[in-house]
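Going down the list, the protein sequences come from chains A and B.
Numbering-wise (our numbering), the first sequence opens with residue 1 and increments by one.
Numbering-wise (our numbering), the second sequence opens with residue 1 and increments by one.
Hints may be right or wrong, so weigh each one.
Unchecked claim - Restricting the straight-line Cα-Cα distance to at most 27 Å, the calculated cross-link-like pairs of lysine-lysine (DSSO-like) are:
| id | chain 1 | residue 1 | chain 2 | residue 2 |
| --- | --- | --- | --- | --- |
| 1 | A | K49 | B | K39 |
| 2 | A | K297 | A | K39 |
| 3 | A | K103 | A | K297 |
| 4 | B | K297 | A | K49 |
To be verified - If the Cβ cut is set under 8 Å, some of the chain A residues that face chain B in the computed set are:
| id | residue |
| --- | --- |
| 5 | N46 |
| 6 | V275 |
| 7 | F315 |
I should point out that these hints are in silico values taken from the structure, not numbers from a laboratory.
Each residue gets a CB set at the ideal place from its N, CA and C atoms; glycine is no exception.
2 protein chains.
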Amino acid sequence: MSAGPSLDDIRVAARRIAPFIHRTPVMTCASLDALAGAKLYFKCENLQKTGSFKIRGATNAILQLSAAEAARGVVTLSSGNHAAAVARAAAARGIAAHIVMPKNAPAVKCRAVEGYGGVITFCEPTFEAREAASRRLVEETGGVLVHPYNDRRVIAGQGTAALELLEDVPELDVLLVPVSGGGLLSGNAIAATSVRPSVRVVGCEPANADDACRSLKSGHIEKNATADTIADGLRAQLCDLTFGILRERVDEIVRVSEQEIVEAMRLVWERMKLVIEPSAAVAVAPAVGRAVRGEGKRVGVLLSGGNVDLSALPF
Amino acid sequence: MSAGPSLDDIRVAARRIAPFIHRTPVMTCASLDALAGAKLYFKCENLQKTGSFKIRGATNAILQLSAAEAARGVVTLSSGNHAAAVARAAAARGIAAHIVMPKNAPAVKCRAVEGYGGVITFCEPTFEAREAASRRLVEETGGVLVHPYNDRRVIAGQGTAALELLEDVPELDVLLVPVSGGGLLSGNAIAATSVRPSVRVVGCEPANADDACRSLKSGHIEKNATADTIADGLRAQLCDLTFGILRERVDEIVRVSEQEIVEAMRLVWERMKLVIEPSAAVAVAPAVGRAVRGEGKRVGVLLSGGNVDLSALPF
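Here chain A stands alone, though its shape is the one from the complex:
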């Protein structure tokens, strides 16, 4: 068995974070149903505080710090939604947040972090430079690292989304979740398969950053040689913890082309009037493209976030 959180951990997390997050709505759309040949239920984490699901895991981790740990603040590394979530969750607890961001991170994401009071340390935009910078910050500040996904508390927090979705739509047949480092998929796969063992959990991944798909096939953690995808939230790679959970709990990983991502994003904007980011569209594409044998079924789609730079849209 993996060392992932249990359903109980996720249930406790849900109660712990409830005062600090939105219970996001589940939306439906007749015209997307028609395309999918299925009944789609969209869990709208784009409407979540900070504009993505990440506030769930960050809040769950930060609320569990001891007073002594909290006094030293937290450290994380992220160029995007997790950075803003940690900054906000730290601010809610009144503690410092040190965020390592690549120096090419979008200005809008940096502003969001600073708007929540986070302190940014810029580094070279490589995996190694970010890891090194965050280690150095932990040493210097004594702060606790809140990793974006290699953290049971974070994974438990993310899983609360599926818990809510299954409360609203108990008889779900399929659940589509984007996968990057695997924190969101791990937490929601544990929650969904525990509450409803018959549900089929499908990870959705850009074909241009398909490490999870290849890893589950080969049985080893595979790396992304490149991650050239518009889905800027899905460029990370699995870690031992999330890989173990995915092997146990996930039925399938589907790969989505860049064109499919943009088309699905546009569909949701046009038909549902919801701003979603490309990473969220990765879980929409297999539904409307009928790539997951969901026809005639009740299919949950986790819309992971809505943070996009409106000055640089792909349409």
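Based on these hints, arrange chain B on the given structure of chain A.
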């Protein structure tokens, strides 16, 4: 007294149309509240069927046709949301819809009308040509004209939005509604001031098409010499019916610049993750710009629609 619909008419309309429309959510947003210095309640008609409030009035009118009238179908003139709404409401009743549209109407709007089974007649893009074409169609087909706003049934239908909003937020202090031909503002002003007499109803209008503002000041219906505004749903003018209702029920009309419209639209997209069209942003701008003495108050904002051409965004 004007010959507008009564609160009872609007209540009956609400029951009549309920099976055919969405009860749209009322959303809130902490960061827009901070800008406004007020508690804002957004009635999300962008999430309504056909992407705008127009389905309310169209449905209310079409459901009241006698069997003999219905058999001859309906006629309307609109380049935008009312056209799609009439087409859809007619389809729901299984009757024909003939729509006069200017020949420069956006292709996406024409596709929406045709998608609902509406039959389009193109005409020159002038007020006179559209009126003449619709009169001709009424003569030829024997169909009933469902005017976009010069129609008590349509006005009563539109007013059901404020009825719902006040059910969800009974203690509203201010209500902001876009104004064009005045159907939406008339219906919602009647509903809101009848249910809650203390509410201050404010019409919101592009400064570049400010006939309503000038009309209420002069006491006569004033025309727009031009209507050069990005708010493509707000280029029409008041008629006798709506002018009379506005004089009785509306406290103020505020004028909004083109830049304010685009900025407010962008704010809602970025912070609320909602796709709204420029016409809806016209009611957001006075709230976030503190132009309506709403500070410290509960302010309702009617987000009238979300139909935009994603290929031609102003940002």
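Any of the earlier hints contradicted here, and which numbers? Number 3 - this is the single hint that the structure violates.
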